[in-house]
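Start from the sequences and build out the full structure, keeping to the hints where you can.
2 protein chains.
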Amino acid sequence: MNLPMTDEECRVAMAALSGQLDLYAKLLVNKGCALKEGQELMLTASLEQADFARRVVRAAYEAGAGHVTVNWYDDAVERMDLEYVPLEWFKTVPSWEVEQRDSLAEAGAAFLFLDGSDPDAMKGIDPAKPAARRKAMNTQCVKYRDGMDFGRNVWCIAAAPVLGWARQVFPKLSDAEAMYRLWVAILSVSRADGGDPESAWETHNASFEQTKRYLNDQRFDALHYVSSNGTDLTVGMNEGHIWDGGAARTVDGTSYFPNIPTEEVFTSPDRMRVDGIVHSALPLSNSGQLIKDFWFRFEGGQVVDFGAAEGADVLQHILDTDENSRRLGECALISKNTPIRQSGVLFYDTLFDENASCHLALGTGFPECLAGGVDMGKDTLMAHGVNQSATHVDFMIGSDDMNIWGISKDGTETPLFVNGQWAWE
Amino acid sequence: MNLPMTDEECRVAMAALSGQLDLYAKLLVNKGCALKEGQELMLTASLEQADFARRVVRAAYEAGAGHVTVNWYDDAVERMDLEYVPLEWFKTVPSWEVEQRDSLAEAGAAFLFLDGSDPDAMKGIDPAKPAARRKAMNTQCVKYRDGMDFGRNVWCIAAAPVLGWARQVFPKLSDAEAMYRLWVAILSVSRADGGDPESAWETHNASFEQTKRYLNDQRFDALHYVSSNGTDLTVGMNEGHIWDGGAARTVDGTSYFPNIPTEEVFTSPDRMRVDGIVHSALPLSNSGQLIKDFWFRFEGGQVVDFGAAEGADVLQHILDTDENSRRLGECALISKNTPIRQSGVLFYDTLFDENASCHLALGTGFPECLAGGVDMGKDTLMAHGVNQSATHVDFMIGSDDMNIWGISKDGTETPLFVNGQWAWE
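Chains as they are written, first to last, in our numbering: chain A, 148 to 572; chain B, 148 to 572.
Since the hints were derived computationally from the structure, they do not count as laboratory data.
Mixed in with the good hints, there may be bad ones.
Since the list gives no way to pick one copy over another, a pair counts as held whenever it fits inside one copy or between any two copies.
[Said to hold, decoys possible] Derived EDC-like pairs: lysine to aspartate or glutamate, alpha-carbon spacing no greater than 20 Å straight-line:
(1) K290 to E244
(2) K290 to E246
(3) K183 to E230
(4) K183 to D228
(5) K238 to E187
(6) K525 to E187
(7) K270 to D496
(8) K270 to D222
(9) K439 to D422
(10) K525 to E515
(11) K556 to E155
(12) K525 to E235
(13) K525 to D273
(14) K525 to D440
(15) K439 to D267
(16) K525 to E155
Structure below.
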């Protein structure tokens, strides 16, 4: 039986976690960002994450950071911006924000984002505004965006709790216990709960290498997804597609982890060959708004119909971002036997939930998922089937009974997933 | 007898203050910044001031702000920057920070600074680093600096508590009570504790108008300061000097309050005619470091010798900022009969302490304190006796027994201050 903790017990438990939080901060700096002597770091964090953000800043300086720029944000202020400021304003990124991101990218900075916000923080906000801002950020900060997309800048997304998020994940617990439990869950599924998280990630990465090698050797022409929830979808694979996952590599060979945690192997599918219907397996939290029980119908790579029990208008704005936001940029395979899925915690946060379930993403694809892709321009990538868009929105489709087959050029079908896990598990 | 408050009593008392904090936020936006429909606002605030900063953001949007940019800072992160990053780095303001301040200044933004930090936050830091940063900020963000100095941009400094500050001001109280008491003190001395702070400031401003009119009519050639602590200083007045105070005016006629609270009438003295010795009356908190019991000897307008019981090295860096940082830019008259002095609270913060005591400032002077000054370039201002420098550091000299005479061109001496207050009070 699990008795509720008193606030004092939570305080003591959090204090006991302090050393582990520092190990986690070091993991983000040393493995997530592979920070080098003299390198600049830009850390994006919420005001509520101040305590942990300070640990990251210290870890970065101890690792030799040249300078750390902390980009603080506050959901409450952001909500007021979105409430009071007209849509037009969000279509242009202020010149200084472009300069900040682009000049840091040019200086070779690493970008570390502390994920974590109340999934309902922006409930009721006109979704056109966050959509416009996201698009502006992705199209107007060119050196920043390309620096990360084309392997010139290291980046890492990892999480730290905030209260609104902890309440959503653990609605029955006190605030103090919900925060503590969310920390414990994050450290655990991020493989940062042991004495040497950095070694744990080296071990973790070795198993990625195995899976990627197998998938890349198969040269599948398509994947076929079937689930009892109605999903029956065929996703074409590009000639020269590459399955990626675990550590990423910059063009100069630095190995880093763009997502902590990560459990997925993924590639960018053929933007023109996606057909059938796919149903969501988990709700999607996007720009502080929840989308529930949704589905897409694809024809020739494009969403031609969709529906949602909740948040259909948010979905509409994602699909309308630009001419390619109705096509897929990613398909990712994750067994249900991962720490995140096994934790039984629904995080209401893409960073975690996408690593608990097979998923797809609408929008832009990854140059590194095509042979020679990082040296190609956007038009060439598109010509080779890798979608390019100002958005990238993951959504979870991996139901417990999902079966997936890899289909070879000659029509051979190889079982990849049986009932939600790798066929060989 | 004053019993200590329990934490629960403090919580209840703070909750009861909520409506007053919103009135104070509105005072800063509507009177401090005189914010106009569609105008941009840049708000600089510490993470610890988040609750009050959000109230200011809401007040600004309710007053019609076009957009509010919040510039969050964190003393703990700042201290790590200063500890780990070499001096050289601080000599250049990052291009994006220049762009932020200059582009907002060009767009006609108002700049609101929430003062409030632990006076000891940067204790032990090499003072050359904050000095270099301050100088860089004041010389490299040209449109921003000139926009405020030459009456094109509205700006306002006001305060909100942070814990390290509250502890210093009320060292014997619990954290919760110290924070509550500091809020009460700030609201009181800022004349924001009544039902209509905005009207209270109109009344307050009317008394400034009277004092300024008297002083400006006298056309003194010099002031002579004498105190039993050893102070015996003569400060020359420029031809065409103007006594200012209370509301300031932009070149387009907007009336605003650059400091809340403010009790001072001030002018910029003749940079070449300051002679004698002056002793500090209060400690000076500068860049998170304390300077205590200090004195300066002036000859021909310039500091030629100085000493301090504590913090002499910090003083040295202030004096060495540039070739004019050893000359005066301001002399300000404040009676000891002001709410701040009467509150008996030593705030360890220039914004308050300078309004409790006659003070001088090393460094740059004010164009608006010379007839025609706002239309002059820096060289012309200097030629007319108004000092120009990359720094401006106020220090308090108004001891309780200070006497001040105004000296006219013909040698007539008019008593201005007797025992620390206006001669006619």
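Now for the hints, and whether the structure bears them out:
In this assembly of identical chains, the alpha carbons of K290 and E244 lie at most 20 Å apart whether taken from the same copy (12 Å) or from different copies (18 Å). For a Cα distance limit of 20 Å, the shortest separation of K290 from E246 qualifies both inside one copy, at 10 Å, and across copies, at 17 Å. Taking CA atoms no more than 20 Å apart as the test, K183 paired with E230 passes between copies only; the shortest distance there is 19 Å, against 41 Å inside one copy. In this homomeric assembly, K183 and D228 come within 20 Å of each other (Cα to Cα) only across copies, at 17 Å, whereas the closest approach inside a single copy is 36 Å.
For a Cα distance limit of 20 Å, the shortest separation of K238 from E187 across copies, 17 Å, qualifies, whereas the shortest one inside one copy, 28 Å, does not. In this homomeric assembly, K525 and E187 never come within 20 Å of each other (Cα to Cα): the closest approach is 28 Å inside a single copy and 37 Å across copies. In this assembly of identical chains, the alpha carbons of K270 and D496 lie at most 20 Å apart only when taken from the same copy (15 Å versus 41 Å across copies). Taking the closest pair of Cα atoms, K270 and D222 come within 20 Å of each other only inside a single copy of the chain (12 Å); across copies the shortest separation is 32 Å, beyond that limit.
In this homomeric assembly, K439 and D422 never come within 20 Å of each other (Cα to Cα): the closest approach is 22 Å inside a single copy and 76 Å across copies. In this assembly of identical chains, K525 and E515 lie within 20 Å of each other by CA distance solely inside one copy; the values are 12 Å within and 55 Å between copies. Neither within a single protomer nor between protomers do K556 and E155 lie at most 20 Å apart by alpha-carbon distance, with minima of 62 Å and 72 Å respectively. For the identical chains of this complex, K525 and E235 are neighbours neither inside a copy (27 Å) nor across copies (40 Å), given an alpha-carbon limit of 20 Å.
Taking the closest pair of Cα atoms, K525 and D273 never come within 20 Å of each other, the shortest separation being 31 Å inside a single copy and 49 Å across copies. In this assembly of identical chains, K525 and D440 lie within 20 Å of each other by CA distance neither inside one copy nor across copies; the values are 33 Å within and 66 Å between. Only within a single protomer do K439 and D267 lie at most 20 Å apart by alpha-carbon distance; the minimum there is 13 Å, versus 51 Å between protomers. For the identical chains of this complex, K525 and E155 are neighbours neither inside a copy (55 Å) nor across copies (60 Å), given an alpha-carbon limit of 20 Å.
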